[in-house]
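Given the sequences, and given the hints that come with them, work out the whole structure.
Going down the list, the sequences are from chains X and F.
For the first sequence, our numbering assigns the number 923 to the initial residue and increments by one for each residue that follows.
For the second sequence, our numbering assigns the number 947 to the initial residue and increments by one for each residue that follows.
If you are wondering where the hints come from, they were derived from the structure by calculation, not from laboratory data.
There are no misleading hints in this set.
Each computed SDA-like pair below joins lysine to any residue, with the alpha-carbon atoms no more than 25 angstroms apart:
#1 F:Lys956 to X:Gly1221
#2 X:Lys1467 to X:Asp1496
#3 F:Lys1113 to F:Val1039
#4 F:Lys1113 to X:Leu1037
#5 X:Lys1484 to F:Lys959
#6 F:Lys956 to X:Pro1267
#7 F:Lys956 to X:Val1497
#8 F:Lys956 to X:Met1122
#9 X:Lys1156 to F:Val1003
#10 F:Lys959 to X:Ile1231
#11 F:Lys959 to X:Val1470
#12 F:Lys956 to X:Ala1493
#13 F:Lys980 to X:Leu1040
#14 X:Lys1156 to F:Trp1010
#15 X:Lys1505 to F:Lys956
#16 X:Lys1355 to X:Leu1424
#17 F:Lys956 to X:Tyr1273
#18 X:Lys1438 to X:Val1359
#19 F:Lys959 to X:Met1122
#20 F:Lys956 to X:Asp1486
#21 F:Lys959 to X:Asp1496
#22 F:Lys1042 to F:Gly1117
#23 X:Lys1505 to F:Trp958
#24 X:Lys1505 to F:Lys959
#25 F:Lys956 to X:Ala1234
#26 X:Lys1467 to F:Pro977
#27 F:Lys959 to X:Gly1282
#28 X:Lys1484 to X:Ile1284
#29 F:Lys980 to X:Leu1112
#30 X:Lys1363 to X:Phe1428
#31 X:Lys1156 to F:Tyr1079
#32 F:Lys956 to X:Glu1281
#33 X:Lys1156 to F:Pro1012
#34 F:Lys956 to X:Leu1279
#35 X:Lys1484 to F:Gln960
#36 F:Lys1109 to X:Pro1035
#37 F:Lys959 to X:Trp1280
#38 F:Lys956 to X:Ile1270
The structure presented is a predicted model; accordingly, all values stated were derived computationally and were not measured.
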Amino acid sequence: MTYIPIADQPNELHDPHTFISKYVWSQDHKVIAIQYGSTAIFVGLIALVLSALMRLQLGYPDTFSFIDPADYYQFVTMHGMIMVIYLLTALFLGGFGNYLIPLQIGARDMVFPYLNMLSYWFYLLSVIILLASFFVPGGPTGAGWTLYPPQAILRGTPGADMGIMLMLASLAVFVVAFTMGGLNYVTTVLQARTNGMTLMRMPLSVWGIFVATILGLFAFPALFVSAIMMTFDKLLGTSFFMPAIQSLGETLNTAGGSPVLFQHLFWFFGHPEVYIVALPAFGLVSDVLSCHARKNIFGYRLMVWAIIIIGALSFIVWAHHMYVSGMNPYFGFFFAFTTLIIAVPTAIKVYNWVLTLWEGNIRLTVPMLFAIGFIFTFIHGGLTGIFLGNVTVDLPLSDTYFVVAHFHMVMGVSPVLVLYAALYHWYPKITGKMFNVTLGKIHFWATFLGTYAIYLPMHYLGFLGVPRRYYAMGNTDFIPDSAQALNANITQAAIFVGIMQLVFIFNVIWSLKYGKKSDPNPWDATSLEWQTPDNPPVHGNWGEKLPVVYRWAYEYSVPGAKDDFVPQSIAPEDVEMLEGEGKYVDRSEEH
Amino acid sequence: MSLFRAILEKPWKQQTASGLPAEGDYGSVTPPQKVGLLFFIAVVAVMFALFITAYFVRMELDDWRPMPESQLLWLNTVLLFLSSFTLQWTHNVLKKGQDKQFKIGLILGALFTVAFVYGQITVWGQMQEAGYYLYNNPANAFFYVLTGIHAIHVLGGLFVWTKTIVKYWSGAEHEELELSTELCALYWHFLLLVWLVLFALVSYT
Ligand code: HEM
Ligand SMILES: [Cu+2]
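The following block contains the structure:
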């Protein structure tokens, strides 16, 4: 059978005609991406405010009468859950996945546009359910983002009645939304690539999003399963996870259940979740680095393989979160081993990013600054991860601020820096306008240096033994007074960083209206999305004819070429050369 | 084209003079609906695998009291088998262009499926009457949860079945119908397989 790109098969385009079908019930991947993205950023800001409130309490205990211990637990929980699931997962996959996959592989849209639309509305529903829990009696759950039973559903934990139920319901709806979107992303990558786009010619962004989606499809069911079983325990009195318990003087009906079983299920989801966030970040940052260093990405094949290997390994390391759970000690050995192995492909990626910069023709644009910042924070968080991966080191550090510092560096700050890199990088494509560069640079330096000011001292607090998830430190011998002074400084930095994020929001909105009109390809990038006939791309993306792909996405600094780059979609004979340089040949044929 | 071979490609080298790789190295003619369904099946399989793992872990603890087996489950198994078999047959006759048999098969397949779900609900009723409530014992809880989730997936299948029959009424193309019935049959086979595993699990433990 001859190959007809899916996008060009009949019945595929679903042209919108009314305002509602164009911007509200839209099936266009670009509109859905923006819907996903803005919803995610909106809830992300709520999580940021919650973190500021927590920091106020920690930095200045006994000052804010409106924050009591129960509030603090609720803030911790909602902050963590929103950041990990509703911001990062949704923005990387629902936002960038939706925007970039069809554009970078040369498709007109996702293969199941209707399902894609449903995916967004289910996501919005899950967000609404989540936020509703702030307004129910008892407030949102305060069980910690890990939601460990039995305490998550016992009286005494804030939000143990309505709050936790809404949280579980919201997560279940989120999983459904993710599955609808995920099936789309995977199938689109596999089935809808344009003429010439082999798997190994895809930009690394698509690879990262693709593999992360597969991880999500197979990891989220674990969250779903545990949410269902916990709901039964709470509502119908089963004992999946609930042991025999005396609670507030009365004996509960439950008996015999296994809380550790929940932990296994949760982390079977929870660890891959780290990579669901990290792999798209790896992909996006690779493309940004390569483009702004005007160099091909170092070791493309190894980068792809590392993404796949990390993805596979991420399913067999989960119990490194459970060294102190009382599980069989031999498990600890196994999981420490796999955890340290995963460091190898990860390190390879880091070396390759650094080597991509090596002797590059670096343009220090705003996206590039964020991308380079990411290399710093990621190495930093990765190194402390190697500490914590070892059982003996983890035991004393577990549940201290060292862990808080570690995971914020590696999966808080690092992915967020990549998100900013990506948002600045693709902003001119998404909106057709250029953002304000000065504001962008201010935003970068404030965020990058500011987050170091927040998290570096936290490592030290962790060594002192300051416990995580504590409302106040109280009077303890092992924590010196100076720790409190440090805490106040951390809070000042956190408030500063939080406020500086408004610079970004302002820049995005202001530039939308007053920004300079952007060039269709302002960064001289090679991948397909920069070659669309319209800027920003319109419905159907490519006009009459789909692009044809002749090479990979990293043809930068091409010797003799008029521009220093060759887009993926230009035929070899059409590449313009400098005078006297002869015809364009692929560099591989020179040696 | 194997995935493995695909990721060995050296993209920085030009494959051919034109820069275009050989046809078949990119894109694919498998209908996306089928690929989507295969991934969905994998997701559901992972979900059941996790439930079953939890089942085994929980089973080892002291308070596990197995439920008695209902003979009706055998009948239900036969019904689900028949529905899966009928839908496959429906697909086969459609391919041969036998329109009348196709209609009969499609309806019959759904009837067997509804009968299966009805049978499962009856079993739940029987169990409740015999005093095996959800909250008495984890074995009971797992039984209800597993069969319930399975039944929900069967009902989801019926939803897609409805879309198929609507397509037929609105005079859809032959190929389109063929694809629909193929996917229905595939999904039902999968549900049958899951059911056999679950049935074995609750019977032998
Ligand atoms: C300026 C930005 C941020 C600040 C100031 C901040 C601050 C905090 C604080 C104070 C805690 C509670 C520590 C404790 O009492 O144990 C916390 C917990 C947490 N944060 Fe952040 N955070 C920020 C950004 C992020 C981001 C981007 C993520 C995304 C991964 C994130 C994920 C988490 C998680 C998962 C927890 C643990 C919640 C729990 O213990 O249940 N945070 N953060
Ligand atoms: Cu982990």
